[in-house]
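Chemist: As you go down the protein sequences, you meet chains A and B in turn. The opening position of the first sequence corresponds to residue 1 in our numbering, with each subsequent residue numbered one higher. The opening position of the second sequence corresponds to residue 1001 in our numbering, with each subsequent residue numbered one higher.
To be clear, the hints were calculated from the coordinates, so they are not data collected in a lab. Since the structure is predicted, the reported quantities are computational estimates derived from the model, not experimental observations. Ideal placement from N, C-alpha and C gives every residue a C-beta, glycine not left out. Any given hint could be a false lead.
If you anchor each label on the Cβ, the simulated ranges turn out as follows [to be verified]:
| # | chain 1 | residue 1 | chain 2 | residue 2 | range |
| --- | --- | --- | --- | --- | --- |
| 1 | A | Arg235 | B | Gly1259 | 40 to 46 Å |
| 2 | B | Asp1060 | A | His194 | 28 to 34 Å |
| 3 | A | Val137 | B | Glu1066 | 57 to 63 Å |
| 4 | A | Leu169 | B | Pro1030 | 37 to 43 Å |
Away from chain A, derived, C-beta distances all over 12 Å, residues of chain B [unchecked claim]:
| # | residue |
| --- | --- |
| 5 | Pro1093 |
| 6 | Gly1408 |
| 7 | Arg1478 |
Under 8 Å between C-beta atoms, here's a sample of chain A residues computed to sit facing chain B [to be verified]:
| # | residue |
| --- | --- |
| 8 | Ala32 |
| 9 | Asp36 |
| 10 | Met59 |
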Amino acid sequence: MPTIKLRVQRFTPDDDELPRYESHVMDVSEQASVLDALLALQCTSASDVAFRFSCRVGMCGSCALLVNGRERLACSTSIVPLGPNVRIEPLRNLPVIRDLIVDLAPLFDAYERVIPHFVPRADPSTGSGQALDDLAVIPQDSGEWRAMDHQPQCIDCGACYSSCSLVTLNHNYLGPMALHRALQLITDPRDAAHDERLRIVASEAGAFRCHTLGNCREVCPRGISPTHSIERLKRIAIRFMMTNLLNQKDTTKTRGQ
Amino acid sequence: MTDHLTTDILILGTGGAGLMCALHAWWRDPTLDITLVSKGLLGKSGCTRMVQGGYNVVLDPSDSIEAHFEDTIRGGAFINDQELAWTLVADAPRIVRELENKIGCLFDRAPDGRIHQKAFAAQTFDRTIHRGDLTGIEIMARLRDQILHTRIRVFEETRALELLTRDGRVVGALLLDIRRGEYIAVKARAVVLATGAGPLMYRLAACAQEKTSDGVAMAFRAGAHLMDMEMVQFHPTGLLVPGSRLSGALLEEGLRGAGARLFNGQGERYMARYDSERLERSTRDRVSRAGYMEIAAGRGTKNGGVWLDAAHLGAKFVEENFAGMRERCLRLGVDLAREPVEVSPTAHFNMGGVRINRDGFTNLVGLFAAGEDAAGVHGANRLGGNGVAESTVFGARVGEAVSQWVRGVDHVDANAQQIQEVRHDSDHFLSGDIVSSPFDLRPELGDVMWERVGIVRDGAGLQRAIEELQVLQDRATRVRVKGGRKFNLAWQQALDMRNLLCASELIARSSLLRTESRGAHYRSDYPHMDDANWLKNVYLGRDGDTPQLWTADVQLTRMRVSE
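One chain only, chain A, in its complex shape:
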């Protein structure tokens, strides 16, 4: 069995002044993930090390952390190819709760600002109920289908948020995950909050903050390119603003006459 030297960041705010690193040498199986190594650690030399996971199959996005400085899902990352020295730290841009566990509140605060929930076209609770009866038919050769975002599903793990230099520089920036969600909804023909969401995306904290560095694209464990989503958003937002401007001009003209 391969031997790994694990350096794990330990930190309990309130109790500890500064984070520290603990080193543990351990044998792992060839197919072990980073999560397997942490679980082994928990059963042996560090029973109180704190880390997060739930599904352990890359679907829940609870276990994102830094492995040798790079954002990864602990459950889906084989540890042996990254060894023998492996450094494990919590995500960046988010406050630590304990050891490898971060508070995702800033990530979800940003997310909530883009109106991430689907807004039905007709409110089924007050309307005729029409919206509830028919399932949208979106043929794959239609313009609607082609305009929609067809990237893999986001698991909101926070890897992109952690990797984004613009988030580090400006905590007000919406960040890759929120903007990617905005794109999904803006290109979803079933959603009714298109304009409202585009105004947020086009605002100071929105898509135009992105410098296209591409960190998020590199670290996304699902293979999403938020960079690509944001570029699309910029184009849609510019078109939207131009159209609004032209409409405004038209209105002014009409008024002048």
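Based on the hints, put chain B in the right spot on chain A.
Modeler: Below, chain B alone, put in the same frame as chain A:
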């Protein structure tokens, strides 16, 4: 320190059932104070998030509710509560429309733009809707988005320790904030159990790690009536990865639906000997048992598994339709699209749980249950694709029912002494020298359950398991952990063990009582289904500290047993 909170509806669990319950209660009456408690993170914990293949629903005009019902009852070997099963299939089409049109899920489309329905095992119609092969992400993320849009209170990384009762009524729950390690005593008009049960007491299990039977164990201790606890589903195709927690994680049913084949270690397509007609597309109980028996007979792979082979379906087909499953295997160096993958049956789902009616009422006033914590919908075996349907359908129903029910009831103060006792029982793991670690006990429990209360059972083994479980229960109380109160995973593990051991004993005792084989329950000393004596459900209640068991006839209200 104990914080105190008063709320109208306390929902324990944030999977599909918990979130649907919360949303329906909120939509019906936004003046209600609703509190959601998640053992993990909102939208990320539990098994709805892990749903792969999909959701069974009748959408196609050439399919019918009756056909879905019949498949569900036959799959459940006729001990389902037929009214609950009917509710499932009858409500599912409405709930799926709600998921798409109100909540914003987008399921995969066929080229013509209509929702695509694929084949799952043991169904007479291809009625499983999906989002690729990782459907749960879509459902849970969109439900979470809607929750964020309400003023529903959410406690994340907070667990329920015990239901608080007074004079036979459930009046709230004592919670533990895992991050701070502090208690929260919640007074509620109604408590909804939606913790997702989960057979994590087995050596190999598919579930998310939070699902340590907390709901079932708390309900039992509070005096709720449980049913069908012997019915534990084993999924036929869990990954086998030596030395990794990934072991037990599923490769989805749609693979077999699409025609993937199972081979033993000698290269024989063994399902022909167990179900010559349906082969790999037989029900989960049969396919799992077949795999288990092949392995037990020494015809397994070198790691003690069997082979799942999808390569003959064509690499392109597998790559396109099972991208998530393929990726899961690729990390292990195996390409599902091109070569067989080593799998084993894995503990997956509790058909048993708290006895409910169609609106989630239990025998205890003030206690409701939905999803995997509840029993009856699936009988002796659940069909793939009916699990997430159950969570969302019954979560929604309970939300509707409970939001109306709470209007007519007042809060009742909890018994301060009970709170004191629960706190004491939980705190004692933190004090004293470490004699035994909770992490050591878990594999021992896994072995007992796998070997004696697993896929093949017999009376002597079950009897022995009950004794072994009692020894483990005793050892579990002597566990001590270090590391303080804050986000202490070892402490959480110790608390999990208590519930896992409680549920394990209930499973073993129910299994001992059912002297026949039916669905997921197979007794080698009673290998045949015995309709003359066992068209019954096994019930469990509490008599003092000991489980009390009884049986009652299944009510065949809609469909009679036929050949």
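Chemist: Which earlier hints turn out false for this structure, listed by number in ascending order?
Modeler: Numbers 3 and 5, in rising order.
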